[in-house]
Amino acid sequence: MIQSMTGFGKAYLQLPTKKITVEIKSLNSKGLDLNVRMPAAYREMELSLRNTISQSLERGKIDFSLYIEITGEETTSRINVPIVKSYIHQMQEVIPGADLTELMKMAVRMPDALKTEREEIDENEWKQIETIVHEALTNINQFRSSEGASLEKDFRLRIGNIQNLMEQVVALDAERIENVKNRLQNAISELKTEIDENRFEQELIYYLEKLDITEEKVRLGNHLEYFLQTMDSKDANGRKLGFISQEMGREINTMGSKSNHAGMQKLVVMMKDELEKIKEQVLNVL
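Heads up: the sequence shown begins at 1 in this note's numbering, then just goes up one per residue.
Any given hint could turn out to be false.
[Claimed, not checked] Taking lysine to any residue and the SDA-like style, the derived pairs with C-alpha atoms no more than 20 Å apart in a straight line are:
| no. | residue 1 | residue 2 |
| --- | --- | --- |
| 1 | Lys25 | Ile68 |
| 2 | Lys25 | Leu15 |
| 3 | Lys30 | Lys277 |
| 4 | Lys217 | Leu165 |
| 5 | Lys127 | Asn139 |
| 6 | Lys10 | Lys25 |
| 7 | Lys217 | Gly256 |
| 8 | Lys19 | Trp126 |
| 9 | Lys61 | Lys105 |
| 10 | Lys272 | Phe243 |
| 11 | Lys153 | Thr230 |
| 12 | Lys127 | Ala40 |
| 13 | Lys272 | Lys105 |
| 14 | Lys266 | Glu175 |
| 15 | Lys279 | Arg156 |
| 16 | Lys85 | Lys105 |
| 17 | Lys217 | Ala171 |
| 18 | Lys153 | Tyr226 |
| 19 | Lys266 | Asn179 |
| 20 | Lys234 | Leu224 |
| 21 | Lys240 | Ala149 |
| 22 | Lys61 | Gln281 |
| 23 | Lys153 | Lys25 |
| 24 | Lys153 | Gly256 |
| 25 | Lys19 | Ala171 |
| 26 | Lys258 | Met270 |
[What the hints assert, rightly or not] Here are the in silico distance ranges between beta carbons for each label pair:
| no. | residue 1 | residue 2 | range |
| --- | --- | --- | --- |
| 27 | Lys18 | Gln229 | 44 to 54 Å |
| 28 | Leu27 | Ala149 | 14 to 24 Å |
| 29 | Val36 | Glu102 | 39 to 49 Å |
| 30 | Arg37 | Val81 | 14 to 24 Å |
| 31 | Ala113 | Ala149 | 35 to 45 Å |
| 32 | Leu283 | Ser54 | 19 to 29 Å |
| 33 | Leu13 | Gln163 | 46 to 56 Å |
| 34 | Glu69 | Phe243 | 44 to 54 Å |
| 35 | Gln163 | Asp63 | 32 to 42 Å |
| 36 | Glu215 | Asp63 | 41 to 51 Å |
| 37 | Arg50 | Lys279 | 26 to 36 Å |
These are computed hints drawn from the structure, not numbers from a lab.
All C-beta atoms, glycine included, are put in the ideal place defined by N, C-alpha and C.
Construct the entire structure; sequences and hints are all you get.
Printed below as a string of structure tokens:
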């Protein structure tokens, strides 16, 4: 079963003094493009976090966000008392007799008036965070699987349409060959000259062989079957499906160049249209 690269997963953890939320968003990408946003206090765990995410999601443009919302009275920000006193003293020298309250308001807005005390990561807290990271990863993978099921349904429809169109092309093949023979014979008749029938027959066979689409029909049929088999495999297979769709396109294009028949060319255009829809959606497959 295939998976989409598009997905969203979310999980949160409520602690006594803070609420921790994890969000993961994913879009299609040729490789793994991972962007991690998290508070500076947890940065030392980023490498481990990246490994966990990459192993679970494999591929895609992924945005990971870890949000911390303080719900208690604790804060890591403190007034830098010596700095604030220094600002007030300097301003009193510049503005003698100024109101102390107003000077305080100005001082706390000055650079370095607040300092943030770095907290050490609590091991138990981080283990709880890891739990909700895995929960969010489970959620996004479920989302990807659901999107993948929709893609698979569409792929099977498109593949079935191409198979039906190919059968219609094959059904027109005998009529096409007969039309080519008649046109050539009529052209020879209009010349009103004698020809070597054996030589004409040889040239006709040679010409018709160039228009034969048997090999293209067989290869296209094989590619269609291989596409369906690849969708059923357990491995991530978006790239492989992309390669197969390219091969399908080559066979359909060759059929079109050989067709030399209005009805067949119309069917080939319809096949190309179905294949383009497949190619667009394959870009979203993991």
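Status of each hint after checking the structure:
1. With a C-alpha separation of about 18 Å, the suggested pairing of Lys25 with Ile68 holds against the 20 Å cut-off.
2. For a cut-off of 20 Å, the pair hint linking Lys25 to Leu15 is broken: about 24 Å separates their Cα positions.
3. The suggested pairing of Lys30 with Lys277 holds, with an alpha-carbon distance near 18 Å, which does not exceed 20 Å.
4. The hinted pair formed by Lys217 and Leu165 meets the criterion: a straight-line CA distance of about 11 Å does not exceed 20 Å.
5. For the proposed pair Lys127 and Asn139, the alpha carbon gap of about 19 Å is at most 20 Å, so the pair holds.
6. Between Lys10 and Lys25 the alpha-carbon distance is near 9 Å, which keeps this suggested pair within the 20 Å criterion.
7. Proximity of Lys217 to Gly256 is assessed by CA-CA distance (about 12 Å); at most 20 Å being required, the pair is judged to hold.
8. Restraint check for Lys19 and Trp126: satisfied, since their Cα atoms lie roughly 13 Å apart, inside the 20 Å limit.
9. Between Lys61 and Lys105, the direct Cα distance comes to roughly 45 Å. Violation of the 20 Å bound is thereby established for this hinted pair.
10. Taken as a hint, the Lys272 and Phe243 pair is honoured in the structure, with Cα atoms around 16 Å apart against an allowance of 20 Å.
11. For the hint linking Lys153 to Thr230, the alpha-carbon distance of about 14 Å falls within 20 Å, and the restraint holds.
12. For the proposed pair Lys127 and Ala40, the alpha carbon gap of about 18 Å is at most 20 Å, so the pair holds.
13. Among the hinted pairs, Lys272 with Lys105 is inconsistent with the structure: their alpha-carbon atoms are about 70 Å apart, more than 20 Å.
14. Between Lys266 and Glu175 the CA atoms are separated by roughly 15 Å; this keeps the pair inside 20 Å, and the hint holds.
15. For the suggested pair Lys279 and Arg156, the alpha carbons sit about 13 Å apart, so the restraint of at most 20 Å is met.
16. The straight-line distance between the Cα atoms of Lys85 and Lys105 is roughly 12 Å, inside the 20 Å bound, and the hint therefore holds.
17. The suggested pairing of Lys217 with Ala171 holds, with an alpha-carbon distance near 12 Å, which does not exceed 20 Å.
18. About 16 Å separates the Cα atoms of Lys153 and Tyr226, which keeps this hinted pair within 20 Å; it holds.
19. For the hint linking Lys266 to Asn179, the alpha-carbon distance of about 17 Å falls within 20 Å, and the restraint holds.
20. Annotation: proposed proximity of Lys234 to Leu224 holds, straight-line Cα distance about 18 Å (limit 20 Å).
21. A distance of roughly 18 Å separates the Cα atoms of Lys240 and Ala149; the hinted pair therefore holds under the 20 Å criterion.
22. In summary, the hint linking Lys61 to Gln281 is supported, as the alpha carbons are separated by about 16 Å, within the 20 Å threshold.
23. Only pairs whose Cα atoms come within 20 Å are accepted, and Lys153 paired with Lys25 is rejected, the gap being roughly 24 Å.
24. For a cut-off of 20 Å, the pair hint linking Lys153 to Gly256 is broken: about 27 Å separates their Cα positions.
25. This hinted pair does not check out: Lys19 and Ala171 have alpha carbons roughly 67 Å apart, beyond 20 Å.
26. Pair hint Lys258 plus Met270 holds up; C-alpha atoms about 16 Å apart against a cutoff of 20 Å.
27. For Lys18 and Gln229, the hinted distance range of 44 to 54 Å is satisfied, since their beta carbons lie about 50 Å from each other.
28. Taken as a hint, the range 14 to 24 Å holds for the pair Leu27 and Ala149, whose Cβ atoms sit roughly 18 Å apart.
29. A C-beta distance of roughly 43 Å is found between Val36 and Glu102, which places it inside the suggested range of 39 to 49 Å.
30. Take Arg37 and Val81: their Cβ atoms lie about 32 Å apart, and the range 14 to 24 Å is violated.
31. A C-beta distance of roughly 56 Å is found between Ala113 and Ala149, which places it outside the suggested range of 35 to 45 Å.
32. Between Leu283 and Ser54 the Cβ separation comes to about 20 Å, which falls inside the hinted range of 19 to 29 Å.
33. Range check, Leu13 to Gln163: Cβ separation about 51 Å, and the 46 to 56 Å hint holds.
34. Checked against the given bound of 44 to 54 Å, the beta carbons of Glu69 and Phe243, roughly 46 Å apart, stay inside it.
35. One distance hint, 32 to 42 Å for the beta-carbon pair Gln163 and Asp63, holds here, with the actual separation near 39 Å.
36. A hinted range of 41 to 51 Å holds for the C-beta pair Glu215 and Asp63, which are about 47 Å apart.
37. At roughly 31 Å, the beta-carbon separation of Arg50 and Lys279 lies within the given 26 to 36 Å, and the hint holds.
In this structure, the earlier hints numbered 2, 9, 13, 23, 24, 25, 30, 31 are contradicted, and the remaining ones agree with it.
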